[in-house]
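**Q** Here are the chains, one letter per residue:
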Amino acid sequence: MAAVLGTEHLGRPLTDEEKKRFGALLREHDYPGARLIALRFAYKLTGSHVRSQDLMGRADLRLVRFGWDPARVTLIRGLCRLVWSEWTHAVESNETAQRAEEGFLRELEATEGLKIPSHEAEVMALETSRESRTKASAKLEKLRAMFEKAGDAVNLLWLKLELEGVSDPQQMAASSGRDVGEFYAAAKRRKRAVQRLLANERGVTLSEEES
Amino acid sequence: MPARSPESLWQRLVDEAGDDAVERAVVVSVAQAEKDLAAAGFDVAAERARALALIAALESPRRR
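In the order they appear, the protein sequences are chains A and B.
Residues in the first sequence are numbered from 1 upward in steps of one, following my numbering.
Residues in the second sequence are numbered from 1001 upward in steps of one, following my numbering.
Bear in mind the hints are in silico, worked out from the structure with no lab data behind them.
In this text, a Cβ means the ideal position worked out from N, Cα and C, and glycines have one as well.
Possibly wrong hints are sitting among the right ones.
[Unchecked claim] If you want a taste of the chain A side facing chain B, the calculated C-beta under 8 Å gives, among others: (1) L26; (2) I37; (3) F41; (4) W84; (5) G165; (6) Q195.
Construct all of the structure, not just a fragment, from the sequences and the given hints.
**A** Laid out in structure tokens, this is it:
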């Protein structure tokens, strides 16, 4: 069965025919079973019934909004990716909503004749960009501290070289005199460290099995 | 060699961590997920009913 485009791509609600086809596609691919696997994943990430169900509900909504192509990704993997995406954006969403609200208020001001000076608008854009850079830098600092605490010299080096613009493990090995295999092996530790960092920021401690 | 921005590096790290977490999540069978969710106190039948309700909502024609 062919892909179903979501409302986001179509720019309109699904027609009855499209909805029916989407429903049949989900039924054919055991959506209830796939959803249980994704819910289990959501629970591992949040450690909470309420938050995992909320996360799953938002993933469901995004599935309908963005559609699904079974030829590109399995339903289980697609749902789990949506869960991860929603989970990693949960903290930022409140700030985004606040910014959207500020934007809306400014728009109202503009329609009421209170035009925002362009200089002020530029300053706001610059502040947003700086804020985003500062947040990313703070997270990278936390990650660096985790590597230092763990005595992970390879990942400390990887982080430094990446920020300098070196991304190729062969180049990293050549410039550091280390074996390239060490950089490949460090990738797994790095992914788990990022997972733990994200979980900690959300007040969750991942179990050994999960990190 | 141009330096990489902290934003793009952090986003790449999050994406890679996500791929790793998802790969580990998808290898679980439906039966195992049911067992784990039940052990964690979830009402598995109710969760299945939620999923079926979404399918039913999609399959039912819009009211005119």
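**Q** Each of the hints needs a verdict: does it hold here or not?
**A** We went through each hint and held it up to the structure:
1. Interface restraint check for L26 (chain A): the shortest CB-CB distance to chain B comes to about 5 Å, inside 8 Å, so the restraint holds.
2. Given hint, I37 (chain A) at the interface with chain B, holds; its Cβ is 5 Å from that chain's nearest Cβ, closer than 8 Å.
3. A least Cβ separation of about 4 Å between F41 (chain A) and chain B falls short of the 8 Å threshold, and the interface hint therefore holds.
4. Interface restraint check for W84 (chain A): the shortest CB-CB distance to chain B comes to about 4 Å, inside 8 Å, so the restraint holds.
5. This hint holds: G165 (chain A) has a C-beta 4 Å from the nearest C-beta of chain B, less than the 8 Å allowed.
6. Among the interface hints, the one on Q195 (chain A) holds; its C-beta lies about 5 Å from the nearest C-beta in chain B, closer than the 8 Å criterion.
Checked against the numbered hints above, the structure violates none of them.
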